[in-house]
Amino acid sequence: MRAVRAELAKLGTLPSVWLAGALALVVPAGIALLNSRVPGPDRGYQELGFGVMGVIVLGVVAVSSEYLTEGADAGGGRQLATSLTAVPSRVRFLAAKAAAVVLVAVPLAFAATAATMGIVHVTLAERAAALDAGRLAGVVCYWTYTALLAFAITVLLRHGIVPLTVLLVNTSVVSVTFLLTKVTPLAYYFPDMAGMRMFVGEIADDRVVISPLLGLLVMSAWVAGLLALAGAVFTRRDA
Amino acid sequence: MIGAELSKLVSLPATWTTLGSTLAANVLLTFVIAVGDTPVAYSRAGFIVLGVLATCSEYTGGQIRTTLTVMPRRVRQLAAKHAALAVVTLPAAVVVALSGPLIVLAVLGTPVGLWQVAEVTAYLTLLTLVGAAVGVLLRHTLAGVGLLLGGLFVAAPFVHEYLPDEMVTLVVSTPVLLIVAALAYRRRDA
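Chains as they are written, first to last, in the working numbering: chain E, 1 to 239; chain S, 1 to 190.
Note that these hints are calculated values from the structure, not bench results. A portion of the hints provided could be inaccurate.
If you anchor each label on the Cβ, the simulated ranges turn out as follows [claimed, not checked]:
| id | chain 1 | residue 1 | chain 2 | residue 2 | range |
| --- | --- | --- | --- | --- | --- |
| 1 | E | T13 | S | P111 | 38 to 48 Å |
| 2 | E | P41 | S | S11 | 28 to 38 Å |
| 3 | S | S11 | E | S89 | 33 to 43 Å |
| 4 | E | P15 | S | A4 | 30 to 40 Å |
| 5 | S | A4 | E | L156 | 28 to 38 Å |
Just so we're clear, the structure is a prediction, and the values are computed from it rather than from any experiment. No residue lacks a Cβ here, since even glycine has one placed at the ideal position from N, Cα and C.
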């Protein structure tokens with residue numbers, strides 16, 4: 001528990017985490033505002049699907065800040081050595097960090113959902129899609145899982161640039177995983193494509209139908225698998 | 001001066017990894033997308049990373065102090081850095097811009113549009129310089145990459161109807177950003 005509190009303190013003092021929080025609130029709400037002229041059954045939900053960049057930054061920075069501190073006075077410092085001196089059990093350290101990321105990502109997801117849905121309902125009034133508790137829970141789940149996915153990939157790579165670039169490029173409107181679905185239907189089972197099904201009813205010209213529950217299971221499997229892999233690698237290799 | 005900046009840039013392993021993976025991603029995406037939308041729409045991310053890395057690498061471990069001790073005239077040093085970056089980027093951009101059309105030519109026999117290749121090359125080079133300018137302003141690799149990619153891939157598709165053509169926007173904004181970056185660099189503590 002103390003380890004979780006320490007990780008939360010570390011996250012709270014990182015400027016990038018505050019930037020991530022601002023992005024998480026502004027991006028989906030802003031896109032919803034720009035899209036507000038066109039009503040539809042997925043309005044609001046779709047924006048929350050594209051707007052996950054805030055939690056991606058959160059997940060990446062939580063890990064990459066341990067390996068590389070930028071700034072003229074940081075001297076390329078590796079905070080990880082200090083962290084592991086304080087919490088020598090690697091599994092406990094990683095679990096505490098993941099818990100801290102979840103504890104930040106969940107309220108962020110709630111706040112972003114509230115802001116985005118608020119804007120949709122103000123601008124569209126009665127033409128807005130009705131709120132559905134199951135789909136809203138799907139949004140929060142998708143955001144939290146995305147943060148953990150970014151977290152696990154960054155642990156594996158020990159550097160933030162590659163996961164940040166790949167994951168951010170993949171949040172574009174026509175994502176790379178979506179393009180891959182034109183090559184093989186297996187691409188519908190990528191974590192983002194499957195996880196999106198938890199709350200977006202229709203993805204353009206989809207040929208494979210995945211129910212929200214199956215989407216949840218597929219994305220859970222990806223997150224659990226990557227976290228387990230990250231844990232295994234992190235305990236075995238030199239810090 | 002340009003020679004010194006060039007040798008710094010060329011000796012960074014990150015420069016070559018970034019360019020190599022950008023080309024690889026571009027080639028793979030060409031096969032995925034086949035015809036229609038250009039793969040450069042995605043692989044331009046690599047050039048942004050290159051630009052941000054080129055300027056931000058000075059700030060990991062305090063290399064910036066050595067650099068400014070040797071070349072105290074800040075604006076000239078920054079101009080040399082950008083020139084060196086352009087020297088590296090231009091041929092890389094030509095290769096990436098050509099790779100897509102060449103594959104299409106080999107597979108489908110559609111002729112290569114030279115004007116289009118030139119336009120893509122210019123686009124990628126300008127984008128790299130924008131990345132470098134943002135890197136100077138933010139002095140933080142992840143923040144720079146996050147901001148630019150977020151703007152380009154997430155925000156831009158939704159606001160593009162309010163902006164002029166992407167190339168026009170870039171041609172106007174690149175010199176503005178470079179000047180702002182140079183002014184900030186000159187005034188503030190390193």
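Do the hints match the structure? See the list:
About 57 Å separates the C-beta atoms of T13/E and P111/S, a value inconsistent with the hinted range of 38 to 48 Å. Distance hint check for P41/E and S11/S: the Cβ-Cβ separation is about 55 Å, which falls outside the suggested range of 28 to 38 Å. Under the hint 33 to 43 Å, the C-beta atoms of S11/S and S89/E, about 39 Å apart, fit the expected range. Here the CB-CB span from P15/E to A4/S is close to 32 Å, well matched to the stated 30 to 40 Å.
For A4/S paired with L156/E, a C-beta distance near 36 Å keeps the hint of 28 to 38 Å intact.
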